Structure formats: C-alpha cells, structure tokens
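Asks: Sequence:
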Amino acid sequence: AGQFVLQGRDSVVQRADPILNPGQISQHVHVFMGSNGLSNDVTYDSLQKSSCSTMGNASNWIVEDHSMYWHPAMYVKAKGSDQLLRVPNNGHNIYYNDHGASPPRDPFEFPPGFRMIAGDSQMRGAAENVVPGNSSERQNRQNITQWICHENDPSGSLPQGVSGGFPDMAGLSACSAYDGFNGAIHFPQCWNGNDFDQENPTAHMVYAVGDIENGVCPDSHPIKLPHLFMENSFDLSGIDGEWDEDTFMLAQGDPTGFGWHADFFNGWEQGVLSKLIMSCVEDGLGPECSPFTLGGSVNDCNIPLLYKEDVDGPIAAAPGCNPNTTVNPAPLLQPCPLG
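With the UniProt record's numbering as the guide, the letters of the sequence shown map in order to residues 1 to 339.
These aren't lab readings, by the way, just hints derived from the structure by calculation.
Here the structure is a predicted model, which means the values were calculated and not measured.
Heads up, the beta-carbon is just placed ideally off N, CA and C, and yes, glycines get one too.
For each label pair, taking beta carbons as the anchor points, the in silico distance ranges come out as: (1) Gln24 <-> Ser237: 27 to 37 Å; (2) Ser51 <-> Asn328: 37 to 47 Å; (3) Pro218 <-> Asp300: 41 to 51 Å; (4) Leu333 <-> Val63: 35 to 45 Å; (5) Pro112 <-> Asn21: 20 to 30 Å; (6) Asp82 <-> Asp300: 32 to 42 Å; (7) Gln24 <-> Asp211: 29 to 39 Å; (8) Asn299 <-> Leu338: 20 to 30 Å; (9) Asp310 <-> Gln24: 12 to 22 Å; (10) Ser51 <-> Gly193: 31 to 41 Å; (11) Asp106 <-> Cys321: 43 to 53 Å; (12) Asp246 <-> Asp310: 16 to 26 Å.
Calculated lysine-lysine pairs in the DSS-like style (CA-CA distance at most 27 Å, straight line): (13) Lys49 <-> Lys275; (14) Lys308 <-> Lys49; (15) Lys79 <-> Lys308; (16) Lys308 <-> Lys77.
Taking the hints into account, I'd like the entire structure generated from these sequences.
Replies: Written out as structure tokens, the structure reads:
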C-alpha cells in the first residue's frame, strides 16, 4: 500500500476555525500547522497563494502542499490552583495512505475546496447500546481517537486511553519517552460526492464500515478518498512541576478526551497527491518519493495570528466561555467575544 508522512510543527495558537467559523472568532482555541495562508476567508484559491508551510519532512516544507491542519489546544490546572496552563506541542505527524477496501476516486486526490472534520468536539463518553460488529457513525467518531503516554517503563507498557478517552495519568507527570503524550486521530475517508455543508459539516464524510481504516465505504458514501491519520505530541516536560497531575482538559471544556477532533482544509496542487501516494512505499517519508519539491525550512514559516488574546495562561478559564463538563453530548455554545 502507498503511504507517506508529513512531519513538522505548529506556529500559532488562537481562537480561529476556517471551517466552522469562517471570518469570525471561534468557540475554542486551536493549534494550527501547515500553510501560512490562514485568513478571514480561506478558500482553495487563497491557499494556493500561500508562500510556505510548517509541515514537510521535518526540515523543509513541501512546495505542492498548501493545506491547513488544526486541532484543539490542551490545558491542565496550574499547580495548587484552579488556573489553567496550555500544554505546548512538540511535533506533528500526518500520514497519507490508500488504505481501505473500496475503489479509489479517480483521480485519487481531494477535490479543490474540500475540507473535513475528524472526531466530535461535543462527545464526552463512549457510544452506548452499540451492537458489536455493527458500529454506528457516532461510535466510529469515538474509536478513531488514541491517547498514549510514552513513558520509560521497564515493563514496556504504555498508559493508553480506552475507547477514545484520556488514559489514567495518576502518578505520571512527564511522559518522557519519545514522543511524549500523544493524541492521534483518524480522518474519515468515505465521501458522498457532495460539497461541504456549513449547516451539517460532517454529512459529506463518514468512516468505513467494520474497520475505520481498512473497511468498505457504505453505499451512502461510496467514494474512497486518501486516508489521513494525524499524530500530535504534547510536551509535558515543558511545564514540568507547574501543573497538577491528571487534570487534562481540551479547549472546548472536555476533561474526558472523547471530544478530541481535528480539521483538514485541502490545499494540495491538483494532480500531485494521487501520483505521490501511488509512488510511495508503506512507511516511506514523503520527500523520498516523487513528485515532491522541497521548499525552505519549516522553522522559518509562520501562520498569521488573527485573534490576539492570552491562550497560554495561567488563565482563569479556557478562552471562549467553555465550562468544563462531562455532560454527553456537551451543549454547543456560541463563541464569546475576544479576550
């Protein structure tokens, strides 16, 4: 099977969301990576005018990829207080592959203007009353998430979340082994052929049946697109000694981890992605496969800051009026003003 990996960094953290809240401040804080084409009106054409990306081969950006990627920020309680600290990220991996049993779209690439969301920001617990082997789309959007604490444990065991939630982190403060505290997520790959609908933003994409990565696309969404898998590392060592253990909270007020989600706005130049996936071997790094073109250093690329407020802390609450709640599903709240 064909696969390549993009590696890189994020460069800006803010309350923006070009998919769900275009042109206005968003409901919660996101960590952005990829193209520097972020603006108040992101389109496929506007992304083509971007000049660099924070994603590539970990050193240099890929000239043909103008895509944007983002996920919610993570917070913990500051030591001995109710104030919040943002956990910094220390790297991102994005895997592109042709996994799945259905025939691929021809050409095997995302159409211009394509965008999608993985996960469900309002989820706070495992899907209930699901018959084994007959998973619902809601359960799929739960099982796509994996939380792992990479710790130097002599037994080789790694604390992992169950069914999409945070792992039990009691007694673990660093996750000091490579690659730290990792939140991974699968994107859906089955498309119904329709454009993105702002009123129903996940309707055009679902997960494969039976196996979210290798299964068959349902009749309602028969078109297989490239499969994306994203790994995001959080640097607990960067705030070592500054936070209370086991107090994780995602930016939308989620202390469970079940609401982990991620967004993708396609910016690939047409005609490139299909050739790239088919020419790369499994686990191959993208820049070793044609037709990649390497640009400058990912460390020299910066994504614009559209909304300036304190998102790092210590702060009294997560920006955007997001109360900590385990109500499942959590209520969908309107964005609060800047600041």
